[in-house]
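Trainee: All chains should be built: construct the whole structure from the sequences, respecting the hints.
Each number in the working numbering corresponds to the 1-based position in the sequence shown with 95 added.
If you're looking for bench data, these hints aren't it; they were derived computationally from the structure. Zero decoy hints are in this set.
Cross-link-like lysine-lysine pairs, in silico, PhoX-like; alpha carbons within 25 Å at most:
| # | residue 1 | residue 2 |
| --- | --- | --- |
| 1 | 181 | 146 |
| 2 | 146 | 232 |
| 3 | 153 | 228 |
| 4 | 228 | 146 |
| 5 | 153 | 232 |
| 6 | 153 | 181 |
Taking CB as the label site, the calculated pair distances span:
| # | residue 1 | residue 2 | range |
| --- | --- | --- | --- |
| 7 | 196 | 147 | 33 to 39 Å |
| 8 | 181 | 207 | 18 to 24 Å |
| 9 | 139 | 198 | 28 to 34 Å |
| 10 | 203 | 162 | 16 to 22 Å |
| 11 | 221 | 147 | 28 to 34 Å |
| 12 | 193 | 150 | 32 to 38 Å |
| 13 | 221 | 146 | 27 to 33 Å |
| 14 | 232 | 153 | 18 to 24 Å |
Just so you know, even glycine gets a beta-carbon here, dropped at the ideal spot from N, CA and C.
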Amino acid sequence: EAHQWEMPHVLLGVQDPVGVGLIRNYEIPQKGVLNLHAAPLDYERCVTVFKEVVPTAKVVLLPHDASRGADGFDADRDNLARLLEKSGIIVRRPALNREGDVVEQLLPYLAEADVLWSVNEPMLQIHARRISKICAKNSVLYCASELASVFQGADMGWGDSGSILGNYAGVV
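Mentor: Structure below.
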């Protein structure tokens, strides 16, 4: 059953608000729900564009924060990994710990990677500038599925622009 809120709530980036019970349906506006944007990122399209832009990529790192439990983007990471592997790319999924130095934890993996791809990973967003620099130093392309990282130095990114037009895809 959907929540009954007394005060307005703004929902951004919720992957399936009906499925998780935040709203009853998309068609009938609910009292207290404003600016709902729930269009999931089309990872199939992202991988297609990625392969066109970076046809030589062989190994992609898809790091995640091992110290957090399921964060709602596990399905996105799994879907992206499946699509990349289906297109012939090797996917490595290093488990990092946000309590340590994230950049230092990434270093050993960068030596054998062509791309580091962040999928809505807060610990990578926080360190996006440092990660961008270390990726450049190691000739690794830094991709992100959140615009916060793109704006801080990721080489290529997709994500929700927060606009009425929805998803943004671009190469910086």
